[in-house]
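Using the sequences and the hints given, assemble the complete structure.
Protein chains: 2
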Amino acid sequence: MTAADDNDEPAAPSGGGGLVRLRLDLGYDGTEFSGWARQPGLRTVEETLARAVATALRLPDVPQLTVAGRTDAGVHATGQVAHVDVPEVAELDRLPRKLAGLLPADVVVRRVTVAAPGFDARFSASGRRYRYRVTDLPPDPLRRRDTVGWPRPLDAPAMDEAAAGLVGEHDFAAYCRPREGATTVRTLRSLRVEREPDGVVVATVEADAFCHNQVRAMMGALLAVGEGRRPTPWPGEVLRAGKRDSAVSVAPPHGLTLVHVDYPPADELAAQAAKTRRIRRAPPPD
Amino acid sequence: MTAADDNDEPAAPSGGGGLVRLRLDLGYDGTEFSGWARQPGLRTVEETLARAVATALRLPDVPQLTVAGRTDAGVHATGQVAHVDVPEVAELDRLPRKLAGLLPADVVVRRVTVAAPGFDARFSASGRRYRYRVTDLPPDPLRRRDTVGWPRPLDAPAMDEAAAGLVGEHDFAAYCRPREGATTVRTLRSLRVEREPDGVVVATVEADAFCHNQVRAMMGALLAVGEGRRPTPWPGEVLRAGKRDSAVSVAPPHGLTLVHVDYPPADELAAQAAKTRRIRRAPPPD
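Read top to bottom, the protein sequences are chains A and B. Everything in the first sequence is counted per my numbering, starting at 37 for the first residue and increasing by one. Everything in the second sequence is counted per my numbering, starting at 37 for the first residue and increasing by one.
Which residues of chain A face chain B? A partial, calculated answer using Cβ under 10 Å:
| id | residue |
| --- | --- |
| 1 | 112 |
| 2 | 132 |
| 3 | 174 |
| 4 | 180 |
| 5 | 293 |
Computed far set for chain A versus chain B, every beta-carbon distance over 12 Å:
| id | residue |
| --- | --- |
| 6 | 70 |
| 7 | 74 |
| 8 | 77 |
| 9 | 91 |
| 10 | 162 |
| 11 | 163 |
| 12 | 193 |
| 13 | 200 |
| 14 | 204 |
| 15 | 207 |
| 16 | 220 |
| 17 | 267 |
| 18 | 270 |
| 19 | 314 |
If you are wondering where the hints come from, they were derived from the structure by calculation, not from laboratory data. All residues carry an ideal CB built from backbone N, CA and C; glycine is no exception.
Structural data, given as structure tokens:
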């Protein structure tokens, strides 16, 4: 469906075939986008950005973009990373300003750099960090786009305790939409839930990668604990049961923001990409 | 023009004349409002809120509201305070939820309480705190509504140093639109400028009260220092010159948020209101 699904195709090496691979560091307000991935007739971040890149670089065709985290409709990003292979670029340092003039106010390209050899925005990534914001207090209208209002009181310490039961390397099939031939084993490095000084409950979660809807499904389970509908051990029990549980509802998208993508040092980029491809036989949509 | 101008009229005491004075703690995203104060044919916070109160309490007429800080078009609030005098209210604790059902997503009433005797949202206030957000980096699209993008690099420590020259009790005529009979003397308790970890430059300013446009005019002077167009002592020199300086441009409204209003303890409310009325002969629009 999207370029990122074609993980059997070898990535064009930076500078190979007369092409330069550019790394784009970007952010967006997902409210008015139908997610990252191109869909005919819909406004998507991928299409919006790819068209701006084509115009800025006077490319004959709209280029393919590869992204670290293919966010769903309504999900935001502050630390998204993408790459694009383009013919030799003159005046790279002027590109962010050119793009700023072409892009709408809800997408920003923070930085454009020539990617290190072996870099692949998706497969070289060694970690992704997401944030989820939810409030059981009257919400701040200025943050209503990235904060979910919750109609019942939330017990943040109980959510944090429940979250600990999900951390580690596990088969997250219970929190993933199954895809044939794709592993649902992931390493959840951390998942913390805290109430911030302004009262907003913020979950921060980090893993090597996430499968589709995984963060929002885990948040759904933690919110059930937070409002006292389920006991604290329940999210961990669902995990160990190993299959999708209809009692877990997927939390709303607009509380979710991709805040950071980790890459290994330059000399390990190609090895990381090879390892990722080997582990995930079929395309994991993260 | 607005109710808040009528400061010679005695305030209706809480519970007096069969009326109850309610204190409303509220916030709003000012982006799509033409400011706080009612203006015929325009969408204002005052009108929107007053109509919701009338509907929630089934009042025959839209009530007058009095507010601590009459914000301009595009200015936001997280800690605004207003009062309204209404007939005896049944089930006060259900009122915030009722109002939430009536108000649009860009206004929230966080709390409704019966005001202490002598309370006046405007004249009892002993302090107001505003925040101004500006960034010289590619802006976060999720914060574009309350953060001004600045096209040139800013020296935040220089702005902070310049800010120190404005603190204290002064005649702020240089930073105020003059109004006949109104004093422009204010006590600026603090004004700090810091670059936050995410790179956004945030100014926080606190005073007993501000005159119209004062925060944005002071920010305009500090931004001139920040981008190196003026030396650090310049904002203080403008202050001491004592008259409006055409070289000071008023900074854009959407970086500004009223974050807090201070009131003295309950037993000093009436005394504070009397003092404020005495000091400010003519209506200071703050």
